[in-house]
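Undergrad: Residue numbers (my numbering), protein chains in the order written: chain A, 2 to 117; chain B, 887 to 998.
Quick caveat, the hints were computed from the structure, so don't treat them as lab data.
A portion of the hints provided could be inaccurate.
Computed beta-carbon distance windows for the label pairs [what the hints assert, rightly or not]:
| id | chain 1 | residue 1 | chain 2 | residue 2 | range |
| --- | --- | --- | --- | --- | --- |
| 1 | A | Gln82 | B | Lys942 | 46 to 56 Å |
| 2 | B | Gly964 | A | Glu53 | 41 to 51 Å |
| 3 | A | Arg85 | B | Arg993 | 21 to 31 Å |
| 4 | A | Glu69 | B | Pro998 | 43 to 53 Å |
| 5 | B | Glu901 | A | Gly17 | 41 to 51 Å |
| 6 | A | Gln81 | B | Ser900 | 45 to 55 Å |
| 7 | B | Pro998 | A | Lys72 | 48 to 58 Å |
| 8 | A | Asn54 | B | Glu902 | 45 to 55 Å |
| 9 | B | Gln995 | A | Arg85 | 22 to 32 Å |
| 10 | A | Glu69 | B | Glu928 | 17 to 27 Å |
| 11 | A | Leu97 | B | Ala939 | 21 to 31 Å |
| 12 | A | Glu53 | B | Thr891 | 31 to 41 Å |
Computed from the model, here is a short list of chain B residues facing chain A with C-beta under 7 Å [stated by the list, open to error]:
| id | residue |
| --- | --- |
| 13 | Glu928 |
| 14 | Gly929 |
| 15 | Leu930 |
| 16 | Leu932 |
| 17 | Lys985 |
| 18 | Phe988 |
| 19 | Gly989 |
| 20 | Thr990 |
| 21 | Gly991 |
Backbone N, C-alpha and C fix where the C-beta goes; we use that ideal spot for every residue, glycine too.
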Amino acid sequence: NAGVMQNPRHLVRRRGQEARLRCSPMKGHSHVYWYRQLPEEGLKFMVYLQKENIIDESGMPKERFSAEFPKEGPSILRIQQVVRGDSAAYFCASSLLGQGANNEQFFGPGTRLTVL
Amino acid sequence: GNSVTQMEGPVTLSEEAFLTINCTYTATGYPSLFWYVQYPGEGLQLLLKATKADDKGSNKGFEATYRKETTSFHLEKGSVQVSDSAVYFCALSIYNTDKLIFGTGTRLQVFP
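Excised from the complex, chain B in its bound form (with noise of 0.2 Å):
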């Protein structure tokens, strides 16, 4: 079947420092990959996607590459923000279905 798992949470970091968010899916056809955000009493916003082999996404500095050999979809950004604190979603969808899959979700929290 098909499912996406991510590296739990919380990640605690101080401000400046270097994030990763580890994302791996398995699916049985060829998936479009995203990365959504949720802030505190917000609904997920759309951070970035790719939707084929080697895509790199990016977006406010985040940054995911599709890799099919590792099957993975990992969220980088060199320097966070305490703004950047929430909670994040790995997804997927394959082409001609119309659900989203999601993971269960990393939270984030960056201090000063």
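Same shape as in the complex, but just chain A (with noise of 0.2 Å):
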């Protein structure tokens, strides 16, 4: 049984361009999280989705980014028009259940994003 699975494991962007970072979900599992890592920094949450809903973006910055659990194939966590401090390492997890479970969460391995 494959785990979460991320694309890339690395990016490069110029400033302006847009990155788009994939994530599939351990199978069965239908609620995905995804998280980013600053430099010596920790995880931050950025958004929580189910198939084809987002049910929290709290942590999401408010302009340039979006993020899409389409009901067939990956979540997709989309950065448009990036700048130097979108560099990053973006983590997805996955969950059978969903919030109030206290379900476990399974991480990917990241996509590295740097921004030249």
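With the hints as a guide, bring both chains together as one complex.
TA: Listed below in structure tokens is the structure:
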């Protein structure tokens, strides 16, 4: 049973370009979470999605960032017009059950975004 | 607000030494507490957890006890191995919320 898959593992973009990060949850999991880890900091929650729904986006920057989890296919974290401050490791996690269940979140290996 | 504070690293130990990584928390509700481990180049793996006061989580020789009176969840291991070298994250979640709140991580380096 494959774990959480993220691609690409490393992504380099120039300022002003768009970055698309993909996350395929574990088989059978319909809950996806995105976290960002800035250099020398801990992981910070960004957004929680279920299939076709955004449940909690309280950690998402108000501009340039968006996330989706379509009925078919991976979850996508999209960053438009990237700036150097977006350089970070972005981790995706999935869980079998959702909020309130204290359910374990399984993490992917992360995508390391570098903005030149 | 809710937050996690853990000791800064790196923590450098010789093989078979005793390990303690301190973690304290601030929470408005009744949190569940977690330790995650991140090996080089990999994602985070759940190491252990505790869901209520005085619970002890344990796994692979690591232990942590949920201390409500001191709001702490310190990670301990009696005899570390080189293979334990990794970054360790303390985290909490509040019942009926969806997000994990992480500390900044502590890098452990174990030398033979």
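Undergrad: Compare the structure with each hint and give your call.
TA: To see whether the hints hold, each was checked on the structure:
| no. | hint | in the structure |
| --- | --- | --- |
| 1 | A:Gln82 / B:Lys942: 46 to 56 Å | holds (48 Å) |
| 2 | B:Gly964 / A:Glu53: 41 to 51 Å | holds (48 Å) |
| 3 | A:Arg85 / B:Arg993: 21 to 31 Å | holds (25 Å) |
| 4 | A:Glu69 / B:Pro998: 43 to 53 Å | holds (47 Å) |
| 5 | B:Glu901 / A:Gly17: 41 to 51 Å | holds (49 Å) |
| 6 | A:Gln81 / B:Ser900: 45 to 55 Å | holds (49 Å) |
| 7 | B:Pro998 / A:Lys72: 48 to 58 Å | holds (51 Å) |
| 8 | A:Asn54 / B:Glu902: 45 to 55 Å | holds (50 Å) |
| 9 | B:Gln995 / A:Arg85: 22 to 32 Å | holds (30 Å) |
| 10 | A:Glu69 / B:Glu928: 17 to 27 Å | holds (26 Å) |
| 11 | A:Leu97 / B:Ala939: 21 to 31 Å | holds (26 Å) |
| 12 | A:Glu53 / B:Thr891: 31 to 41 Å | holds (37 Å) |
| 13 | Glu928 | holds (6 Å) |
| 14 | Gly929 | holds (4 Å) |
| 15 | Leu930 | holds (4 Å) |
| 16 | Leu932 | holds (6 Å) |
| 17 | Lys985 | holds (4 Å) |
| 18 | Phe988 | holds (4 Å) |
| 19 | Gly989 | holds (5 Å) |
| 20 | Thr990 | holds (4 Å) |
| 21 | Gly991 | holds (6 Å) |
In terms of the numbered hints stated before, the structure departs from none.
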